[in-house]
Amino acid sequence: MGKIIKYVFYDIVRSKIVLAYTVFLLLLSLGLFHLGGNPDKAILSLLNLVLLTVPLISIVFATTHFYNSYEFIELLVAQPINRSKIFMSEYLGVAGSLSGAFLLGVGVPVLLFGASATGGYLLLTGVLITFIFVAMAFLASVITRDKAKGIGVALLLWFYFALIYDGLVLLILFTFSDYPLENPTLVLTALNPVDLGRIIVLLNLDASALMGYTGALYKSILGSFWGISLALGLMLLWILVPMVSSRQIFARRDL
Amino acid sequence: MITIENLQKRYGKLSVLKDVNVRFEAGRVVSIIGPNGSGKTTMSKCILGMVLPDAGDIKINNQSILKQHAYRSQIGYMPQIGRYPENMKIRQVLNMVRDMRKEVQEIDEELIGLYGLKEMYDKPMGSLSGGTRQKVSAALAFLFNPQILILDEPTAGLDPVSAEILKAKILKEKKRGRLILITSHIMSEIEEVADEVMCLMDGHLKFHETIAALKEQTQENRLSRAIAKIMKEEG
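Protein chains in written order, with my numbering: chain B, 1 to 255; chain A, 1 to 235.
No wet-lab data here; the hints were simulated from the structure.
Everything numeric in this text was worked out from a predicted model, so none of it was measured.
Glycine residues also receive a C-beta, built at the ideal position from the N, C-alpha and C atoms.
It cannot be assumed that every hint is accurate.
[To be verified] Below, a list of computed lysine to aspartate or glutamate pairs in the EDC-like style, where the Cα atoms sit at most 20 Å apart:
1. A:K206 with A:D19
2. A:K89 with B:D254
3. A:K13 with B:D166
4. A:K167 with A:E153
5. A:K67 with A:D54
6. A:K67 with B:D254
7. B:K85 with A:D99
8. A:K175 with A:D159
9. A:K89 with B:E74
10. B:K6 with A:D19
11. A:K89 with B:D11
12. A:K123 with B:D254
13. B:K16 with A:E196
14. B:K3 with A:D99
[Claimed, not checked] Derived DEER-like restraints, expressed as beta-carbon distance ranges:
15. A:A213 with B:N82: 22 to 28 Å
16. B:S177 with A:R10: 51 to 57 Å
17. B:S84 with A:V97: 17 to 23 Å
Same shape as in the complex, but just chain B:
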């Protein structure tokens, strides 16, 4: 499996998109640290930008990469290699290189200018979000054979999780504001990995004024440690469910 990952890696590095992504993240984080002055503030602004751009780039890049590697996959499938192995190598290759780009682009500035526990959680969140959205991208790509459709589904998923979902949650909270909503809100948050990522970082910043309604709830109900553990566990589930199901579909599909 290591060998296949190596070739997936080569292919991605050659395409230079990942390099551009690294430079983009690097400029973004350096700029924010220099503008803000206060590193905590910079990390907060960075968090919001990361939660918007990382899912988008991950899901679009992974979907296009999957369709473009079709030839490569076909070549491998005729060899004595297990299909799940081919799939997992593709997944780890893509998610790994995007995480690498993220760690370089955001990690280095954070270490230089804002090294703190919060900075560490920001990096962890970014990597988890990358793995989650690459898994969703692969799910979208194995479900449909048509490249345009696959990318469309991927974009819709991003749109839903990064933009629409928060609106829906607000709408629900507003409509049912006469009822006790602590637990439903908790469940609603668990259903969106982007929100979970936000909570992981925010629970670490002692800035309750900056926390959203959901974040405040997590803190008051679960306490910091349990809140983070639960959120981390849920994010791992968000990686595993789409990854395992897409691997299953890929293993049983005609090529």
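With chain B fixed as given, assemble chain A onto it according to the hints.
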């Protein structure tokens, strides 16, 4: 060597293979013929595990290959249209596949030499002509000395000289006891290399006979006429 039992495959509503039963022995060249869309490629892809059958079984040396992958080390496959990662060079593609098959000791580079692929090693796959791509596919199929070769319209894009090289190679491998399955539409070519003809029609096995037997049955001395006669009689 290969036994196919009650093989069935549907794509949605379209039934491509309907209950195919057939057996191929080692040391033979079998030509799979049939009109376009009769299920030839689907059958080869089922043997390769690229297409998963809905029902039936495929056995190689009496072992079912469904949901297996290790058996593919015994198969060399040359697709109808070889598709390769566009930005990889010929050298990289060959090295990559060899890297993944490190356990194979004996490498057969005859076709790489005969086709002069070494001189083109640094050309990216995306810039190759259809014929050159076919040459790479052929070289890859024979590279690991497989027991079984599946060649899907192997000479379709090749120039006459290269086609001759490939035919000579096929006969050479047959002498070494390999089983070679070829799908083709060119009757003269089949007559040159094949021992048996298997004909698929609308997903059914129409006949599977040796060429000599076919000629005798129909009292024709050219294979194309013999097959045309059979089609007419039964149609």
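> Which earlier hints can't be squared with this structure?
Replying inline: Hints 2, 3, 8, 10, 12, 13 and 15 are the ones this structure does not satisfy, whereas the remaining hints hold.
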